[in-house]
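**Student:** In case you want the letters, here they are:
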Amino acid sequence: MNTESSDIHKEYRNLTGKKTAFIILLFILLLFSAIIGISKGALSIGMFDSIKAIFKDSGTAHAIVWKLRLPRVIMAILVGGGLGFAGTVFQAVLKNPLASPYTLGIASGAGFGAVVAILFGSGIASEYLVPGFAFFFALTSSFFILGISGIKGPSSETMILAGIATMFLFSSLTSFFQYMGTMEQVHEVVFWFFGSLSRAGWKEIGLAGAMILLPFPFIMKMSWDFNLLSAGDEAAKALGVNVKRIKITSIILASLITSGVICFTGIIGFIGLVAPHICRMLIGSDHRFLLPASALTGAVVVLAADTLGRTLWAPQVIPIGIMTSFIGVPFFFYLLMKKTKEYW
Amino acid sequence: MKKLVILTSDALEIIRALNAAELVAGVNSGTEENPLFWPKLKDLPKVGRWNGPNYELIAGLNPDLVIGYAGRPGPEMEKKLSPFGITVLRLNFYKIKTLAKEVKILGSILKKEKEAKEFADWYQQKIELIQDRIRKIDKLPNVYIESYTDYHSTGPGSGADEMCAYAGGHNISSGFAIPYPEVTPEWVVAKNPDIIVKAASIGRCYQIPKPDKLKNIRTGIIKRPAWDNISAVRKGKVYVLANDIWTGPMAIVGISYMAKWFHPALFKDIDPVLIHKEYLKKFQKIKYSGVYVYP
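For the protein sequence lines, the chains are A and B, in the order given.
Heads up: the first sequence begins at 1136 in the numbering used here, then just goes up one per residue.
Heads up: the second sequence begins at 177 in the numbering used here, then just goes up one per residue.
Don't read these hints as lab results, they were simulated from the structure.
One should not assume that every hint holds.
Said to hold, decoys possible - Here are a few chain B residues that face chain A, going by a calculated C-beta distance under 10 Å:
#	residue
1	227
2	228
3	324
4	327
5	331
6	354
7	359
8	365
9	366
10	367
11	375
12	405
13	422
14	423
Just so we're clear, the structure is a prediction, and the values are computed from it rather than from any experiment.
Backbone N, C-alpha and C fix where the C-beta goes; we use that ideal spot for every residue, glycine too.
Only chain B is shown next, with the shape it has when bound in the complex (with noise of 0.2 Å):
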């Protein structure tokens, strides 16, 4: 493989993880979104947004692989670059549970085997410690995660109740049919979570330098008219988590903090900070910069 064209942010991250940026032709139009992050990348050729990529713009690099999340853009994509002699490769690299497989799927395209067993095993080491701990956990705390929308829980196939689940917290909404149901005010207040998480969408969080806007919703949430009812919100365990470590490859951060969160004597030795520093450091190569939780 000679030439790439990736248009997730979430597999620019793998490939600079795996040494391989500079086979990079082509970057989604993000990219430059965030320049802090991508202090290279971002000069590169754009092909458009990650859901509906230029496919003209990609011809005309003539990468050898283009790579997108499984389900978007469209089949459409293989139709259109195919005549070019263009491979679609789809990868994810969202999901927990197969990250690491898809590392190592990548790596062995990209000849970058070593590279990518060293992601792959980190990564699973860290999984692991936080599974072996909590695993001798009789009773799991009650969690509400709310989506980024008021009043909309993240059900069964949210990647908020995969990571719930990895952190040792027993999500509230688990047993919905849905993924990001709406749901009564009254029902969290009758529920009585332990513990309750925000997901908070705010934009780029690398480049953000004061934790203000995380702070302030964290407010508007323990003000919520009849909350101070909730256990949570009384005994001040409402934490905001910025959308960067939600999902894709730093979701280890963001279930660090939520394990942290939920047990706070058993991960007393765990710091989500450093772990955050050393993925940054490590594999992207850049320092550590701005705001992701609140407390």
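Next up, chain A with everything else stripped away, as it sits in the complex (with noise of 0.2 Å):
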């Protein structure tokens, strides 16, 4: 008995060393992207001035670097490890392989808030009204959905369908507005919906970095619910997992999260629900490893997508929502190929 209980023993702390192995790779990963991110750039610093830059609190080098490459390449790490991150708690939740931080219409959302903040407020000049006004419009989105089951009862076909069709709403509230727009107006819209990391400065930093990280402690204590509600609404019931409250506080924070996420940036699809896709066919659906590993592979990806953007075709930038699919899509098709066994 004892030999063969201490034999599971062995092979569980195998396993979670190798999940644990994958995120230190990641993150190492992580770090070198981060480097050549900074490195990379119209002014041609090479890589260890770049770092020493850094550190140099003078010249144009340090300014550019500073105020400039840092930014951008922490955003990019905020955005890609934010909506990695919601991905996962969505697809935990609504337990659909399709749901993304997208599925309760956050992005149309935001766009509408975007198209009312360019349209409407041409003459309210500040930086923040486009965002204020994506952000606004995103949570609306997710709380009116939050509503309807709080009527109906969480379910997941209830809010993937009300999702679905709230996302129809904005959608169309959001091509009213464009039709009704001058050139220049839908012109702007249409760049907007592209995502930039160009508008990243440490001010925006700041106020996206606390909507995307506070939130990451108080998912991660629930890991081990996420878990359980994967063997169904009424097993983790069974199990002592209050369902309602942990589907609604989580769906609160991941929706804070994506909102922070886009408006900054624009819209970046597809990362969001594939980040998590990626992670589960190499490490398991353990969501103690899963969302932590999905954050660093959303991270990973967007940050290469926006080096790669910026250097491919420089100095004319590939927009990052654009990007992202380009170098997200033929490696998630290359995992879904290798893949032998079911992992969803």
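Relying on the hints, combine the two individually framed chains into one complex.
**Tutor:** Below, the structure written as structure tokens:
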């Protein structure tokens, strides 16, 4: 008996050890991508000079690296990390492989907010007008759906269907306002939808960072509950999980993360959907590991996409929203084809 | 020609300049949103948006001619209107190069050749005056022109690129492959332009009394991280130009402002406000009003 249980323990330690190693590997990869990101730009500042320039408080190189490159790299990490993380939460709670941070209509809500700000707020000259409206309407759409599921009960089907309906509603409203707009305004709206990290400065990082990082520990604390949820709502309930509370709290927190991300950068699609899948294929679905791994994967992909996007066709930038899909989709297909056993 | 429906505000301006406003039977719905600029025409029947008009309303007005942009609305406009015997005429009136020619075409169709010639001559003379002077300069200043969206520059094919050339500036984005590519803030710092011009979309300029919006946009650009390393920012040569004088028949006003910003000594005697006033009084029969640039 004794030897058998110690064997199981050993195997378990072995498994978690592998998962921890994977996360450490991702972290090293992220650090490496960040160093490359910091050393690439229109001005040729070498890798070591770039890193030195972070700490040296003078000269153009310092200004460039400290005020432009570093914020951009950090924003990419926050955005990718936030979307990967939130995507995992949505997939766990809604128990649907197609769920993503945008399933509850957050992206179209944010897009609608941006359109309203661009069309009607042209006079109110505040750099936070567009992000503010985008944030507000992103949260509005998810709270609307939470309200519906408060009445109907938080079943996955209700939330997903309500999310899709909200998405279509906001998309139509966006199209309607675009149709009303002048040529200049239509142009601005289109560019907002591409997403951009060029606007990222330290102030934006402070605001976005708070919205993205503060929910992290609370969600991590729920990772056991997510594991139990995958056995079904009834089973989880029987095991002592307060299903309703877990679902609603985690959706509010994940919506906050998603809104914090897209209000400053525009819509960066796809990564919140695939980062969790990539990790699930590689390390399985224990949320204690899946959550941080998805966040790191999202961060690596968005950072790599941005660095490639601003170097491949320099000085013209390939917008981040487009580039993320360009490098994420092929990698995703590769894993999908290679994977032999069912992973979802 | 007896009855016209005009879908674009650019064409409507030209119609008014040709003294043909009484022929207009219908206008686009945006006309209503700029009532001070269109004191009389704003009350005419509306036929929908410039890019998606209501063909039933147009047919109901039974005009002889409908004028829209070359590209939009699409070919469905001809398909929908030809059964009613309504001719579609497509004239842009926003490209500087072809403006005078388009005005003459419209003038001959409307039998307003005299007015068309007067307008085209006035326009050409203003353009030529600037061209004559900048031909003598051997080094043009480097200019970064940003479109309405932050960090989207203006490459070949954009109206801004064309205007910059007419005003005697070297657009640092003119070598790009697409009209409005995104650039990194660092690239602009690296290029270190002498002058920055920002396109601002602030609505109907004619009805705006104070330059606050333009001023705020300028402050935002000056305060961008690390942009204090750019020559234009250090020397205060950051200018904001509002949408209404970017393209369209009033682009000549925008060009005059740019020319003066690019070559202050060379165009000391040119006052863009006077050109603007003259255009509005002589051709549009309205008083000067609104804000268009800052500072």
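**Student:** Work down the list of hints and note, for each, if the structure agrees.
**Tutor:** Consistency of the hints with the structure:
1. Annotation: interface hint on residue 227(B) holds; nearest CB of chain A at approximately 8 Å, less than 10 Å.
2. The beta carbon of residue 228(B) comes within 7 Å of a beta carbon in chain A, closer than 10 Å, and the hint placing it at the interface holds.
3. With a cut of 10 Å, the hint placing residue 324(B) at the interface with chain A holds, because the nearest CB-to-CB distance is about 5 Å.
4. Residue-level restraint check for residue 327(B) holds (minimum Cβ-Cβ distance to chain A is 4 Å; threshold 10 Å).
5. The beta carbon of residue 331(B) comes within 8 Å of a beta carbon in chain A, closer than 10 Å, and the hint placing it at the interface holds.
6. This hint holds: residue 354(B) has a C-beta 7 Å from the nearest C-beta of chain A, less than the 10 Å allowed.
7. The beta carbon of residue 359(B) is positioned within 10 Å of a beta carbon in chain A (closest approach about 5 Å), and the interface hint is therefore held.
8. With a cut of 10 Å, the hint placing residue 365(B) at the interface with chain A holds, because the nearest CB-to-CB distance is about 7 Å.
9. A distance limit of 10 Å between C-beta atoms decides the matter here; for residue 366(B) the minimum to chain A is near 4 Å, and the interface restraint holds.
10. For residue 367(B), the interface hint holds, since its Cβ comes within 10 Å of a Cβ in chain A; the closest pair sits about 8 Å apart.
11. Taken as an interface hint, residue 375(B) checks out: its beta carbon lies about 8 Å from the nearest beta carbon of chain A, inside 10 Å.
12. Against a cut-off of 10 Å between C-beta atoms, the interface hint on residue 405(B) holds, since the closest Cβ of chain A lies about 6 Å away.
13. Hint on residue 422(B) holds. Least Cβ distance to chain A is approximately 8 Å, under the 10 Å limit.
14. The criterion of a C-beta within 10 Å of any C-beta in chain A is met by residue 423(B), whose closest approach is roughly 9 Å, and the hint holds.
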